[in-house]
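Asks: Here is how the chains run, residue by residue.
Number of protein chains: 4
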Amino acid sequence: MNYAMVGYSGKMGKEITETFSEAGHRLVVKADENGIEEFGTPEVVIDFSRPEALKTTIELCKKYSAGLVIGTTALKEEDFEALRELSKTVPVVQSFNFSIGINVMLKILPELSNLLKDWDAEIIETHHRFKKDAPSGTAILLKNSLNKDVPTHSVRIGGIPGDHVVIFGNLGETIEIKHHAISRKVFAIGALRAAEFILKNKKPGFYTFSQILEGGI
Amino acid sequence: MNYAMVGYSGKMGKEITETFSEAGHRLVVKADENGIEEFGTPEVVIDFSRPEALKTTIELCKKYSAGLVIGTTALKEEDFEALRELSKTVPVVQSFNFSIGINVMLKILPELSNLLKDWDAEIIETHHRFKKDAPSGTAILLKNSLNKDVPTHSVRIGGIPGDHVVIFGNLGETIEIKHHAISRKVFAIGALRAAEFILKNKKPGFYTFSQILEGGI
Amino acid sequence: MNYAMVGYSGKMGKEITETFSEAGHRLVVKADENGIEEFGTPEVVIDFSRPEALKTTIELCKKYSAGLVIGTTALKEEDFEALRELSKTVPVVQSFNFSIGINVMLKILPELSNLLKDWDAEIIETHHRFKKDAPSGTAILLKNSLNKDVPTHSVRIGGIPGDHVVIFGNLGETIEIKHHAISRKVFAIGALRAAEFILKNKKPGFYTFSQILEGGI
Amino acid sequence: MNYAMVGYSGKMGKEITETFSEAGHRLVVKADENGIEEFGTPEVVIDFSRPEALKTTIELCKKYSAGLVIGTTALKEEDFEALRELSKTVPVVQSFNFSIGINVMLKILPELSNLLKDWDAEIIETHHRFKKDAPSGTAILLKNSLNKDVPTHSVRIGGIPGDHVVIFGNLGETIEIKHHAISRKVFAIGALRAAEFILKNKKPGFYTFSQILEGGI
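Protein chains in written order, with our numbering: chain H, 8 to 224; chain D, 8 to 224; chain B, 8 to 224; chain F, 8 to 224.
Hints should not be assumed to be uniformly reliable.
Pairs involving identical chains hold if they fit within one copy or between any two copies, as the list cannot separate such chains.
[To be verified] Below 20 Å or equal to it, Euclidean Cα-Cα: the simulated PhoX-like pairs (lysine-lysine) are:
hint, residue 1, residue 2
1, LYS185, LYS124
2, LYS95, LYS138
3, LYS21, LYS155
4, LYS192, LYS138
5, LYS95, LYS155
6, LYS124, LYS192
7, LYS185, LYS114
8, LYS139, LYS207
9, LYS210, LYS21
10, LYS114, LYS124
11, LYS155, LYS209
12, LYS138, LYS209
13, LYS69, LYS124
14, LYS210, LYS185
15, LYS192, LYS18
16, LYS210, LYS69
These are calculated hints, taken from the structure and not from any lab test.
This structure is a prediction, so every number in the text was calculated from the model and none was measured.
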């Protein structure tokens, strides 16, 4: 496919570009703070940058009638309104977490938590020393999926991209379910899957990454 | 209840006897390699020993019209045939693993494996140095629940009662689901639950421990 | 050896008695809150009970010129004075943690911490839901052995006897060193090793469990 | 420092160049299969490529009187002879594993193995699905450092850069020591440390990475 990358020179931008290249796709529009370079007609626009870039991103989608994969965090309600408006004309896939594994855990955990409802549960999340917020947004998503409040521990060590463990236990046994992000590539692979969904699907609409994983849309 | 214990002097035999005593039940038949002592009429026979003991076990069930809880591993197809034959006249509850947690994992894993069907998967099981069979019967159950063949590693270390991990991974992330038995007591508690099911139920038939946990029989 | 067990009917007392029997040793004096039974002459007295029992314990040591293995926690300075006085006439081995593994970790960690002194470090300890203090005394010992202050996380889950992990990490890698207590048996095995040291050594003196493990005394 | 990079366009070459740039160093000579570009005078040459590049690497060291950091694997005895000859005139740092953590583990393990000599031990190494050899060279180094033969398990999953765990256990407890490589950056950081050693030291000689970590040279 031909795609546009907004936030081209950032760390996620580089990771996504590398992953899409390996899959044989062509980068035809590059955008970052310094401007936009256009070499071709994108079928999909990818944006994992900052809320400030959203205006540019939406303009590109409209100009080329391209679908959108958006993984930008800290979007506000007005940003969501703009994305929903856009989704009337092109397919838009949005998530705060494009890791396939975390979305699979969010799907499994409510059932697991229900089967083990009289067991204790706690969450441990581990990230690099530069992460300032604690607990991680993902740990909060996991906790919410358990349908009960559980203690959450935040470990900050070196360069760890992101590990999340949910531990359940009774007097005789424990069950742990752990997600480990090997690298930022995890999010790039998720973006690729979302972009491929858009190419196949083409129907305008607002989709979450979880819906795509579940299929049947 | 009155119960018979086959493999009375083994480690699991002692654990089960202790757990059943704490619950107020009476040991009326003891069997091990050295012979059989009979002091009363058992309603249930418990056997967590070795395949070689199966003949004695089945004879005891027939002699007393007693139900059977069998947790012996490394049973062969001919052993299963003998158990199915027995189950025409008395209730038989069989499992390679009488822990609640493992049975919860067996319920969750087919769904997880399906959601992650293009990921790699491997199993690691860790048991005490005295365990002779490898892989463990539980590891085989876990593998079968994945609906694909995956490599299985058997670690034998000191006094570990039994740990099982299923690892899934793609290029960017991994998900691990791990069961840890804190002590053998977990299996004795499961055996007790199965024996109590037999006392209430009494109907001849071949039951898995999973079916009992799910209820509705 | 012939040994005396103070706190005979407690959980640790039973665990130690079982471990010593398996090793072929003979229990010749039993003491608990209900009194003392003496069947023979002990060479070693074992006490893992409560500070209140210390007087009885010391009297037994004097009466039989027996060495002492003491694992009682919450000893006060006056208790230590009484033990040091006793150690002028018989060998006394004292520790707040008779696990061989934890003592090995305490020996290794200062070196590891020094080799990794520019790495981040954190500690996670996990215990059963009934443990009231946090962090565990052992976690504090581990932290002190690192010669720097590190964040410590306390997880409370089901029936876990006690796990301790020290995680070190820089931007490119992590090293974890983890101790897992399978059961109370871990402390009984340590007590056995200390008792065997006393039998071989016989020289009066006050010894820590770490010194015994290092040998060369 | 000014440095030369042999194998500039390979995955390790890119990782090292990025790490050295972040530390403020200047790449003044680039070499790969397509040729050599020279923009300045290197003080150190870095080579993590293939044995075939060794001739070029040695010529660059001689031309500029530059020290060498070499992490190439599969070197033969004749290659080592050439490196030892070179080390008469410039400092040469060689290792098959430039991870600081693995070298720290290799230093600690003989002591740990000796303290736990009557415990069981096994090794589990986990790498990406593309790794063809098993067990990993690093697992073999770890096993050798234990001074006894232990079972080694090789797990191949997705994109894992490289995890190694040594598990020790007796009947009551286990100790695990685990190394986790977050990314190839681990080796780049090691190469940087070796290059900085060369700049400070300057004395000709053949050094292993372990010797540098131990200091005191």
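Asks: Next, verify each hint and record whether it holds.
Replies: Hint check:
1. In the homo-oligomer, the alpha carbons of LYS185 and LYS124 lie at most 20 Å apart both inside one protomer (19 Å) and across protomers (18 Å), since each shortest distance falls under that limit.
2. For the identical chains of this complex, LYS95 and LYS138 are neighbours neither inside a copy (32 Å) nor across copies (47 Å), given an alpha-carbon limit of 20 Å.
3. Neither within a single protomer nor between protomers do LYS21 and LYS155 lie at most 20 Å apart by alpha-carbon distance, with minima of 37 Å and 35 Å respectively.
4. For the identical chains of this complex, LYS192 and LYS138 are neighbours both inside a copy (17 Å) and across copies (19 Å), given an alpha-carbon limit of 20 Å.
5. Taking CA atoms no more than 20 Å apart as the test, LYS95 paired with LYS155 passes in neither setting, with 32 Å inside one copy and 41 Å between copies.
6. Taking identical chains as interchangeable, the C-alpha atoms of LYS124 and LYS192 lie at most 20 Å apart only when they sit on different chains, with a minimum of 19 Å there against 34 Å within one chain.
7. Both within a single protomer and between protomers do LYS185 and LYS114 lie at most 20 Å apart by alpha-carbon distance, with minima of 14 Å and 18 Å respectively.
8. In this homomeric assembly, LYS139 and LYS207 never come within 20 Å of each other (Cα to Cα): the closest approach is 35 Å inside a single copy and 36 Å across copies.
9. Taking the closest pair of Cα atoms, LYS210 and LYS21 never come within 20 Å of each other, the shortest separation being 28 Å inside a single copy and 40 Å across copies.
10. Taking CA atoms no more than 20 Å apart as the test, LYS114 paired with LYS124 passes in both settings, with 16 Å inside one copy and 15 Å between copies.
11. Taking CA atoms no more than 20 Å apart as the test, LYS155 paired with LYS209 passes in neither setting, with 36 Å inside one copy and 33 Å between copies.
12. In the homo-oligomer, the alpha carbons of LYS138 and LYS209 never lie at most 20 Å apart, since the shortest distance is 33 Å inside one protomer and 38 Å across protomers.
13. In this homomeric assembly, LYS69 and LYS124 never come within 20 Å of each other (Cα to Cα): the closest approach is 46 Å inside a single copy and 36 Å across copies.
14. In this homomeric assembly, LYS210 and LYS185 never come within 20 Å of each other (Cα to Cα): the closest approach is 35 Å inside a single copy and 40 Å across copies.
15. For a Cα distance limit of 20 Å, the shortest separation of LYS192 from LYS18 qualifies both inside one copy, at 10 Å, and across copies, at 15 Å.
16. In the homo-oligomer, the alpha carbons of LYS210 and LYS69 lie at most 20 Å apart inside one protomer (15 Å), although the nearest pairing across protomers, at 64 Å, exceeds that limit.
In the structure shown, a violation is registered for the earlier hints numbered 2, 3, 5, 8, 9, 11, 12, 13, 14, in ascending order.
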